[in-house]
Amino acid sequence: MGAFNTIAFKPEYCDGCNACMTACATAKAGNSDILNSRIQIVADGETFELAMCRQCADPKCVANCPAAALAKNGADGVIEWDGTKCVNCLLCTVGCAYGGIVHNAAVGHVVKCDTCDGDPACVKACERGALKYHTTANIYNEVGDLEDLFVPGLAGCQGCNTELIMRHTMRRIGPDSVLAAPPGCIPGMGSVGYNGLTGTKVPVFHPLLTNTASMLTGIKRHYKRQGREVNAVALAGDGGTADVGFQSLSGAAERGEQILFICVDNEGYMNTGMQRSGCTPFGAWTSTTPVGERGKGKTQDAKNLPLLMMMHNCEYVATASTAFMEDLYEKLDRAIDASKRGFAYLHIYSPCTTGWRFPSAENIEVARKAVETNFVMLWEFNPRDGLRLSRSLDDARPIDEYLNALGKYRHLEPEQVGHIEATLHKNVELIRGFAEGRRHAMA
Amino acid sequence: MSAVLKPKSKAIVCDGNEAAAWAVTLARVDMVAVYPITPQSSLVEYLAKFVADGKLNAEIVDVEGEHSVLSVLHGGVLAGARAYTGTCGPGLAFMFEPYLRTPGMRMPLVMSIVTRDTLTPQSVWGGHQDAMSVREVGWIQMYCETVQEVHDTTILAYKVAEHRDVMLPVNVCHDGNYLSYGAARIELPSQEEVDAFLPPPSTNWHAALDPSRPMAVDPLTGGAGGPGPALFVRYRKGHCAGMQNALAVIEQAHEDWARIVGRRHAPLVESYRMDDAEAALVTLGSMTGAAKDAVDAARERGQRVGLVKVKTYRPFPVQAIVKALSGVRAVGVVDRSVSFGWNCGPLFQDVIGALHFAERRPAAMSFIGGLAGADITTDHFGAAIERVQALAQDGVVGETVWLNERD
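Which chain is which? The protein sequence lines are A and B, in order. Numbers 1 to 443, taken from our numbering, label the letters of the first sequence in order. Numbers 1001 to 1407, taken from our numbering, label the letters of the second sequence in order.
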C-alpha cells in the first residue's frame, strides 16, 4: 500500500470566510459559486464542521457503487470517479458519512474532491492555517508495515501517550536491539514482564533506576568488540533520566557511548503515584507538591534536560512530541543514525492523562497545545550545525490554552501564571538565542 | 629454583595490585571498568597501561563512579563478556545497588576488593570492614594471604565464577596497604598454562541480552499470587545452591591449578601446625604471615598451638572449619573488622556458628586488630596465643580483645 496524504481541518483556526470554497469552485467549476465547491465548511453553533471526501482507506462509496465508477487509486490514495461508468444511482452518497460525495445539480452527477493532483486549491486559499495538506499518513502507512515489538494489551492507563511512544519508537528502531526499560511506567505496564512472562519481542531488561546508560554501555561495547551491530536503546522516564539516573547518563554522554537514549518525559514519577521530579514544571500539582491551604504546587522550575544533554556535545539531541509525528519520526531516524557514531538523546514529551488530570481522549490535543504555546519547544542539535528549531517559535498561542486544559494547573493563581509566562519567555529567548547563533551551542 | 619454572613462565617482583593486573591479563578478560580509589588505584592504572601497551586486549571503560563501574560490567556480562573490576571502602558502598543485584542475576564476574576500613572515622587504610559489610549479599568471597596468592586466586576466581554449577560473582579480597602495596617475588604462569586452565567463557547457559535469542532479563518476580511465590523461592534457593556448589568447585579449581601450574594453595581453609594442637588461632588475609611466625615461636617454646587460615569466607566452609578445629580445646579468632551487632569480629561469629556442629565444642574468643591500617605484629599474636592457651586451660571466655587498643 502506498503512502497517502490528507487535507486536515482545524476548526479552531477557521472563521468561516469561505475562501476555500470559493477557490475550489473556481478551480473545479470555473465560477465562484460555493455550491460547486467540493469542500464545504458548515457552521455548527460556535464552531465549524468539514464536509469533504476523506479519501477513506476502506471507502463505503466505492463499496456501494454497482457500476465500478468509483475506485481508490493505489498510487496516491485518491478515490477517483469515472463519468463513463457512472449510472447516476447516487448510492455512493448514501455510503459516505462525511458528505464527501454529493450530487451537483449544475453538472447533473456526483462530484468529489480529487485533491487537485496533490496541490489542493482550498489549502492554498486558507490564510488562517485551518486547512493543512498533511503527509502524516506517509508515516503510518510506512510504519504499519513494520512489526510492533510489544505485545498487545500492555497495561498502560487508558489513552497513555507513553505506550504510543514505546510502540512507535521500537517499531522504527527494529529488532536488532537491546532495550533498557528502567523502573517506571514503561516496565510498569508490563513491557519487561512479570513472573517469567514478557511484553516485549526484543531482548529487554530492567536496569536499576540509576544505571541505564551504564548497563547499555557495557552491552554496546561488547557487541562492538564482537563486530556485531546491535542498537542499545533506553526508554526511560524523566525521573530515571533527569534525577537519579543523571550521573550515569552524563557519564555515558561524555564518553560518547553509542547509545540511543529516549527520555519519555511525563514530568514526574507517574508510575509510583505521581510524585514530583526534576522535570515537573513550576506550579504543577503532584502528590508530593500537593495543593492545600499553604501548598500551591511545585515551587521550582523544571530542569531543562535536553539543553543539559546538548551541553554534553552529544552526537545528536532533539525534542519531540507525539502531536507532531512526522517531526518525531524524522528525529528518530536521525537519532538512530547518530547512535552508530556517538551518544544520541531524544526527549519526547508525554502528557499523562492520569497524573496531569485531563480526559484520556485529549492526549494528543494536550501534546499539541504544549507545542503551540511554546511550553514545549521542538528543536534538534548536532555538533556540526548547532541547535536548529524544528518549528517556529513565532505566533505562539496564549499559554492559558495549555494550562487550562490540565487539572494539575487548576489551582494556579495569577502570580503563578505570571511566573510561568515569564519563565516561558526566558526559555524561548534562550532557545532562540541558540538557534540564531547568538548563544554558542557547543558547535 | 629455576628448574621448577615452566617455559615462558617467569618470576617478577611486584605488589599485590600489579599481581592482580597480571592475573586479569592472563585470564584474557574482555572488559574492565575503571574508577580509581585508594588503595586500589594502582591496580586499575596497571590495567590501563597494559591495555595501552597492547598486553591486554580488553575494552577498558573509564566511568564516572563505582556505581557505573559495576553497571557497565552488568551490561558486558549480559552481552557475553568476561569482566573484571576492583574497588574498596567508599567505592564499594557507592556501588552497593548494582553489587546487590550481581549474584541474583548470576553474573560470573570477578571483582577485587582491595580491602579498606569504612567511613567513618575518615580513613584510607586497610581493614576488612568494607568486604565484611557485604558478606551476606550472595557473592563468593576469597581472602588472600600473599601477593602470589592474589595473583593465582584472581585467575582461579573465573574458573569458579563461570562454572555452570556456580554462576556467581567472586570477590577476591586482598588487604589494602599490606598486599596492595607490599612487593614480593612471584611467579607468573605462562599464557599457555592459563589457557589450559581457563577456557574461554561460554555464554550459552546464562541470562543474556542478545537479539538473536530475545529474552526478558529480570522481569518483575514474586508477589503473593500466581506463580510468583514459588518462582521467587526457586531463584533464591538456586542462588543458595550455587553458593554451596561453589565449595566443591573451589576445591577442584585449586586442584586443577596445582596440576597445571604446579602451585598449590589451600582452597577453603589451611591448617598450619595443627597436629596435636590444643589451642588455635583463626585468621583471614595477610595477617596470617605474622600469625604463623608467632605460632612457630610458640611451638619452639613447646606450646601446642596451631593456626587455621580461612581462604574461602563466602560460602562459609562449615564442614572444613569443624574438621580443622574439632581437636582443639580453645580457639581465638582474629578479625580485622567489627560486628557492631555482636560486639565481636564477624569471622568469630561465623566460627562459633560452625562449631555448633562439632561433636566437642572448643571454647572460643574474639580478637579484633589491624583496623584502619594498624599493624598486627608477632607480639600481638604472641599475646593472643597466650590468651587462647589460658582459655584452653580454664575455659573462661573473656570479653573481645582489641589488639591495637594501647598502640
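Heads up, some of the hints might be wrong.
Only pairs whose alpha carbons sit at most 30 Å apart, straight line, appear in this in silico DSS-like list of lysine-lysine [as the list claims (entries may be wrong)]:
(1) A:K10 / A:K132
(2) B:K1237 / A:K201
(3) A:K132 / A:K201
(4) A:K224 / B:K1010
(5) A:K124 / A:K72
(6) A:K340 / B:K1055
(7) A:K60 / A:K124
(8) A:K340 / A:K296
(9) B:K1055 / A:K224
(10) A:K72 / A:K85
(11) A:K132 / A:K28
(12) B:K1010 / B:K1055
(13) B:K1010 / A:K340
(14) A:K28 / A:K124
(15) A:K85 / A:K28
Just a sample of chain A residues kept apart from chain B, beta carbon distances all over 12 Å, derived [what the hints assert, rightly or not]:
(16) C89
(17) P187
(18) G218
(19) R225
(20) Q275
(21) L424
Source of the hints: derived by calculation from the structure; they are not laboratory data. Since this is a predicted model, take the numbers as computed values, not measurements. Glycine included, C-beta positions come from ideal geometry on N, C-alpha and C.
Verification of the supplied hints:
1. Only pairs whose Cα atoms come within 30 Å are accepted, and A:K10 paired with A:K132 is accepted, the gap being roughly 8 Å.
2. Between B:K1237 and A:K201 the alpha-carbon distance is near 29 Å, which keeps this suggested pair within the 30 Å criterion.
3. Distance hint between A:K132 and A:K201 is unfulfilled; the C-alpha atoms sit about 37 Å from each other, more than 30 Å.
4. The suggested pairing of A:K224 with B:K1010 is violated, with an alpha-carbon distance near 34 Å, which exceeds 30 Å.
5. A distance of roughly 24 Å separates the Cα atoms of A:K124 and A:K72; the hinted pair therefore holds under the 30 Å criterion.
6. Between A:K340 and B:K1055 the CA atoms are separated by roughly 28 Å; this keeps the pair inside 30 Å, and the hint holds.
7. Simply put, A:K60 and A:K124 have alpha-carbon atoms about 29 Å apart, close enough for the 30 Å limit, and the pair holds.
8. For the hint pairing A:K340 with A:K296, the CA-to-CA distance comes to about 45 Å; that exceeds 30 Å, so the pair is violated.
9. Only pairs whose Cα atoms come within 30 Å are accepted, and B:K1055 paired with A:K224 is accepted, the gap being roughly 20 Å.
10. Straight-line distance between C-alpha atoms of A:K72 and A:K85 comes to about 15 Å, which keeps the hinted pair within the 30 Å bound.
11. Simply put, A:K132 and A:K28 have alpha-carbon atoms about 19 Å apart, close enough for the 30 Å limit, and the pair holds.
12. Taking the CA atoms of B:K1010 and B:K1055, the gap is near 16 Å; set against the 30 Å cutoff, the hint holds.
13. A threshold of 30 Å between alpha carbons decides the hint, and for B:K1010 with A:K340 the separation of about 43 Å lies outside it, so the pair is violated.
14. Proximity of A:K28 to A:K124 is assessed by CA-CA distance (about 15 Å); at most 30 Å being required, the pair is judged to hold.
15. A hinted pair counts as satisfied when its Cα atoms are at most 30 Å apart, and A:K85 with A:K28 qualifies at roughly 20 Å.
16. With a cut of 12 Å on Cβ distances, A:C89 stays outside the contact zone with chain B, its closest approach being about 54 Å.
17. Distance to chain B contradicts A:P187 as a non-interface residue, since its nearest Cβ pair spans about 7 Å, not more than 12 Å.
18. Interface exclusion of A:G218 from chain B breaks down, the closest Cβ pair being 2 Å apart, not more than 12 Å.
19. Not every C-beta of chain B lies more than 12 Å from that of A:R225, the closest at about 6 Å, which undercuts listing it as non-interface.
20. Distance check for A:Q275 against chain B: the nearest CB is about 20 Å away, which clears 12 Å, and the non-interface claim stands.
21. A cut-off of 12 Å between C-beta atoms confirms that A:L424 is not in contact with chain B; the least separation is 33 Å.
Of the numbered hints given earlier, the model fails hints 3, 4, 8, 13, 17, 18, 19; all others are met.
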